[in-house]
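> Given the coordinates of chain X, work out where chain B should sit on it, guided by the hints.
Protein chains: 2
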Amino acid sequence: MKLSHRKDLFAWSVFNEERDLDFHSYLWVREGGNVVIDPLPLSAHDHKHLQKLGGVDFIVITNSDHCRATEQLAGQTGAAVYGPSAEQETFPVICDRWLYDGEEIVPGLLAYQLNGSKTPGELALLLEHTTLITGDLIRCHQAGELCMLPDAKLADRKLAIQSVKRIASFPGIHAVLTGDGWPLFVHGGEALHHLARSL
Amino acid sequence: MKLSHRKDLFAWSVFNEERDLDFHSYLWVREGGNVVIDPLPLSAHDHKHLQKLGGVDFIVITNSDHCRATEQLAGQTGAAVYGPSAEQETFPVICDRWLYDGEEIVPGLLAYQLNGSKTPGELALLLEHTTLITGDLIRCHQAGELCMLPDAKLADRKLAIQSVKRIASFPGIHAVLTGDGWPLFVHGGEALHHLARSL
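Residue numbers (numbering that gives the first Met the number 0), protein chains in the order written: chain X, 0 to 198; chain B, 0 to 198.
Honestly, I wouldn't trust all of these hints.
The list treats identical chains as interchangeable, and a pair is accepted whether it falls inside one copy or across any two copies.
As a list, the in silico EDC-like pairs of lysine to aspartate or glutamate whose alpha-carbon atoms are at most 16 Å apart [what the hints assert, rightly or not]:
id, residue 1, residue 2
1, K47, D19
2, K117, D64
3, K51, E88
4, K117, E127
5, K152, D64
6, K157, D64
7, K157, D56
8, K47, E16
9, K117, E86
10, K6, D19
11, K157, D19
12, K117, E102
13, K157, E70
14, K6, E144
15, K51, D19
16, K47, E17
17, K152, E127
18, K152, E102
Simulated from the structure, these hints should not be mistaken for lab results. Quick caveat, the model's predicted, so the values are computed rather than measured.
Looking at chain X on its own, in the form it has when it is part of the complex (with noise of 0.2 Å):
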């Protein structure tokens, strides 16, 4: 597992041939509990290392595609599951809990709903005020820059982009964390100002 621009943050990440990128999956260590965001398949090794942080009490899904190793690891660990709450009539995994826009999940960490994305109601996540975590909506195909999802897979290409903008409105923010593509661990928050700008 992989340490990030946060002492208590970890990554972990699988290359995927068909897209020529690395999906990535983040870990969060928190007194109270700690978190798992759309969690890939963990090696033996990055287990043992989940387990030496503390393991894992929550697992929160961005939306239906990411989930990933979710009914494993919530297996293995016992960790209660949110998911979306725009997707809960046809969520392919058993959640334990519904996320709302603007809802806080754990202290610190916060719930936007972003629409018009592939699936409805797609989480973004916002640790701190200054770290992002996206899953499929932002997203980054050039090193350094952000992107949206591809126009085809768009559900309403103007939603998205009013969610978009709305993010990239937030202030403060430096790390924009991707499910798909390198993370930007710094300068987060002008590469959304530039994706928002160009949409």
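Just chain B now, with coordinates in the frame of chain X:
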């Protein structure tokens, strides 16, 4: 193979369990022959991708601990192998050319010698004045920041610091692509200055 911050520059990576970080290799696609730096083993998929991007004509090794899959790749492709001149007496891989400080490897790609590292005369490469590619001495342990190889591994800390400060003094660097740990695709020059000031 993952696109970097430049359309002509790619990376592939392997997670290292001992250090809990990714090792990276880089490919510069150019007319006149592609250059690969410190090649890790390639998956079948990445090997096919490499071929699609024009294969490889030159392999540059920054230091003898980064030979990695050079012999295999050179054997498969017939690429010429370039190594650091300071290691020519004992280098574990046969090289077609030894690189000296300040030398132009191919047009637009310069080699610089770093002293005091764990191997003599480790190379750092500067691509078109803006992208620095490093081997071991300059690395990333915490994302978004650069650090120097731990003191215990250095042959001569004073010389190593001098070398880092010299590289940091080059104007116009904006990306620092580390062999070990998260690459810095933006604001890498700032991170280099920060590192140099901290030493």
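> Would you mind marking each hint as holding or not holding in the structure?
The hints, checked one at a time:
| no. | hint | in the structure |
| --- | --- | --- |
| 1 | K47 / D19 | between (28 Å within a copy, 12 Å between copies) |
| 2 | K117 / D64 | within (9 Å within a copy, 45 Å between copies) |
| 3 | K51 / E88 | neither (36 Å within a copy, 44 Å between copies) |
| 4 | K117 / E127 | neither (27 Å within a copy, 39 Å between copies) |
| 5 | K152 / D64 | within (12 Å within a copy, 44 Å between copies) |
| 6 | K157 / D64 | neither (21 Å within a copy, 51 Å between copies) |
| 7 | K157 / D56 | neither (36 Å within a copy, 46 Å between copies) |
| 8 | K47 / E16 | between (26 Å within a copy, 11 Å between copies) |
| 9 | K117 / E86 | within (11 Å within a copy, 54 Å between copies) |
| 10 | K6 / D19 | between (28 Å within a copy, 13 Å between copies) |
| 11 | K157 / D19 | neither (28 Å within a copy, 41 Å between copies) |
| 12 | K117 / E102 | neither (22 Å within a copy, 50 Å between copies) |
| 13 | K157 / E70 | neither (33 Å within a copy, 52 Å between copies) |
| 14 | K6 / E144 | between (24 Å within a copy, 12 Å between copies) |
| 15 | K51 / D19 | between (31 Å within a copy, 13 Å between copies) |
| 16 | K47 / E17 | between (29 Å within a copy, 13 Å between copies) |
| 17 | K152 / E127 | neither (30 Å within a copy, 36 Å between copies) |
| 18 | K152 / E102 | neither (27 Å within a copy, 48 Å between copies) |
Consistency note: the structure conflicts with the earlier hints numbered 3, 4, 6, 7, 11, 12, 13, 17, 18.
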